Amino acid sequence: MKTKMSPLSKLYVAFILLFLYAPIVVMIVFSFNDSASTSVISGFSLRWYESLLHDDGTMKALSNTLILAVTSSLTATVMGTAAAVGINTFRNKYIKKITMGVTNIPMMNPEIVTGISMMLLFVFCAKLVGKTDALGFGTMLIAHVTFNLPYVILSVLPKLRQLDKYLPEAAMDLGCTPVQAFFKVVLPSISTGIVSGFMMSFTLSLDDFVISYFTQGPSFETLPIRIFSMTKKRVTPDMYALSTLIFVAILLLLVLLNVAQAKGEKRMSNKLNKGVKK
Amino acid sequence: MKKKSLSKKLTASPYLVWAAIFIIVPLIFVVYYSVTDGNGNFTLEYIMDIGKYKDVMLNSIWLGFIATVISLVISYPLAYIMARSGANVQRTMMILVMLPMWMNLLIRTYSMMILLQDTGIINTALSWLGIPPLHMINTQGAVVLGMVYNYIPYMILPLYSIMAKMDHNLIEAAEDLGANKLTVLKDIILPLSLPGIASGFTMVFVPSVSTFYISKKLGGNTFSLIGDVIEMQFKSANNYNLGAALSLVLMVLIIVCMMVMNRFTGEDDDGGVLI
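Heads up: the sequence lines are chains X and A, in that order. Counting from 1, one number per residue, gives the positions in the first sequence under our numbering. Counting from 1001, one number per residue, gives the positions in the second sequence under our numbering.
Same shape as in the complex, but just chain X (with noise of 0.2 Å):
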């Protein structure tokens, strides 16, 4: 039984929102801001926007951030799926619970603790070689993609282990290749695990700093390293009109993705109904 939110609710939910949203609001409105001060409003502006375009640095720095998203979520989701369909099929309970405790370490350590780790080694293992400027893309989609991989893992194996497993083997004995049973059968299957799994290594390797900032080197610079670097003077309201950019941007996104996910809801209960009426 869902009932109405009473005024109450509704006030406190209200309230929440207001708390969650404040700083963002201030972010879009001093993006428009006439003046480069963050407590005194000048007059409405789009000159930051503008400056952003010609921000050489920042648009650098915006696509080494993509690149680096879209090749390390796609290797962890490569890499995370392949090891979920073999872990699925670990049989004895030790080996499996060794491999899922290692695989939970990235996702309960602090991150200073996981960044820091991984630049020890990438210090030590340079030293080790002779070189001084380890540190850069490499080093950072190495980080990237453990930071990714078990959040693929774990998303893919719960789909897996729903996995009816006698349907490869029915594919099988109707004349497909194991791998053709697994192309055909068993990756249709379980392709919505990998989907989330892909999304959710995408979205966090956009965002993280902590990690990136340890593991990253001078030749290599994304927008939270950059981003981090200015606040530690004085922000331009220039990144506040790039924030204001993504903030509209995955706005977009998020309402897109629901509007077609309720639409899907609906067309389906539809079915559901039209059978029963038949």
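It should be emphasised that the hints constitute simulated quantities derived from the structure, not laboratory data. Where hints are given, some of them may not hold.
Unchecked claim - Here are the simulated SDA-like pairs of lysine to any residue, each with C-alpha atoms no more than 25 Å apart in a straight line:
| id | chain 1 | residue 1 | chain 2 | residue 2 |
| --- | --- | --- | --- | --- |
| 1 | X | Lys165 | X | Gln180 |
| 2 | X | Lys232 | X | Ser37 |
| 3 | X | Lys10 | A | Phe1022 |
| 4 | A | Lys1165 | X | Ser269 |
| 5 | X | Lys96 | A | Phe1022 |
| 6 | A | Lys1009 | X | Lys232 |
All of these numbers come straight from a predicted model, not from anything done at the bench.
Given the structure of chain X, go ahead and fit chain A onto it with the hints provided.
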């Protein structure tokens, strides 16, 4: 038959190798660096040094704990309200709660700083109302507020998802049998939502205790948290050994806290606390 399942097992091997090199070995390096000096000789000097940071450590845990409890208290009614409302409201609320998580943490914290400044928006609004300005920035309270603000979605989401799954008939049955609202909350809703509380608690507590950005921006230079001290060792003081020793202690402390927490909620460990 045997051969097939063997080849399936092999698909996990790239990951297993990867996990060994990039999850296990780095942790061994943390231990190695914390018990050696700059030349690689064994020493317990850095482990001993940790005593000096006892207060910083305890303060971090304390502030993180307060932030987590505040998040829990605020989120619990919200999650309940969300779970009890219509499908469209639930969907919209999910978007509204998740959306701030995709905004960069640094930018959000910076905006928070602008709000809290002595000449910031809140104080300007207060002065219009004739209320004397409040000093909020660079206090421990501001840091706790920043932690709550940044990590509260991680508390709301697991609570909401467990409450949405809760069988409402149980609550009605209890009410039919004469239980008042408080009894229903204590005997039905609370026990059923314990796993959600446990995962929300972990997901807020761990990043709060180990943060260094929030404390830097909202706490000013008035005090530091354990995350600040570790960051400093790696990024400016270049004392990797002390940094590693402190990280090791932080890691152990968090594991202990989590074990206590899991015992407390009686949650059986089934691998992972995904939302």
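A quick look at each hint next to the structure:
1. Straight-line distance between C-alpha atoms of X/Lys165 and X/Gln180 comes to about 15 Å, which keeps the hinted pair within the 25 Å bound.
2. Of the pairs offered as hints, the one joining X/Lys232 and X/Ser37 holds, with about 16 Å between alpha carbons and a cut-off of 25 Å not exceeded.
3. A threshold of 25 Å between alpha carbons decides the hint, and for X/Lys10 with A/Phe1022 the separation of about 47 Å lies outside it, so the pair is violated.
4. With a C-alpha separation of about 20 Å, the suggested pairing of A/Lys1165 with X/Ser269 holds against the 25 Å cut-off.
5. Simply put, X/Lys96 and A/Phe1022 have alpha-carbon atoms about 19 Å apart, close enough for the 25 Å limit, and the pair holds.
6. As the CA atoms of A/Lys1009 and X/Lys232 are separated by approximately 49 Å, the hinted pair breaks the 25 Å bound.
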